[in-house]
Amino acid sequence: MNHIHFDAISQTVEQLKQHPENKMRKWKANVTWKDGVKNLVSVRDFDSYLVDEPETLGGTDDAPNPVEYLIGAAASCFAITFQVMASQEGITLHDVHVQIEADLNAAVFLGLEKGNGGILHPKITLQAKTNASNEQLKQIAGAALANSPVIASLKENVKLIIT
1 MNHIHFDAIS QTVEQLKQHP ENKMRKWKAN VTWKDGVKNL VSVRDFDSYL VDEPETLGGT
61 DDAPNPVEYL IGAAASCFAI TFQVMASQEG ITLHDVHVQI EADLNAAVFL GLEKGNGGIL
121 HPKITLQAKT NASNEQLKQI AGAALANSPV IASLKENVKL IIT
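Once you know that position 14 of the sequence shown is 14 in the UniProt record's numbering, the rest is easy, because the numbers rise by one and skip nothing.
Treat the hints with care, as some may be off.
[To be verified] Each computed DMTMM-like pair below joins lysine to aspartate or glutamate, with the alpha-carbon atoms no more than 20 Å apart:
hint	residue 1	residue 2
1	Lys38	Asp7
2	Lys34	Asp61
3	Lys129	Glu89
4	Lys23	Asp35
5	Lys155	Glu101
6	Lys34	Asp47
7	Lys26	Asp45
8	Lys123	Glu156
9	Lys38	Glu68
10	Lys138	Asp61
11	Lys159	Asp103
12	Lys28	Asp47
13	Lys159	Glu89
14	Lys38	Glu14
15	Lys155	Asp103
16	Lys129	Glu156
17	Lys17	Asp45
Honestly, the hints are just simulated from the structure, not real lab data.
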């Protein structure tokens, strides 16, 4: 359904049922400093990617910064969770678009204020063209928000908007 490999997911589920001790999986990334605030990130066998900061935060703006990668990871994890859950319900996906916005207090990052230095007020907007009813869409999107591993890793509650 929707080009999701459910056979592989089913095999993983069965394997975990038979061997629950394998439920925990370690994920790793390696970071190598290049220059200034530029770092090269390596994950598994994929091409490395550059992380930088905007000029206003001491970088050269040659790549997204860690916060941009974080919110991108959160939005894509939500999207994947939504896509899998909708497909499990037999819903055909014609188009899915997810946008995320969040605030960050630069004064806390720069040591000028005390407070929450993480992302604040995250808001995800989901636009989905499907064969699902609005009620089904809201239910699955809410479940995806609750079950997304990256979203669950954020301390701040995420506001979900469906258009």
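query = What are the numbers of the hints that this structure violates, sorted from low to high?
reply = 1, 4, 10, 13, 14, 16 and 17
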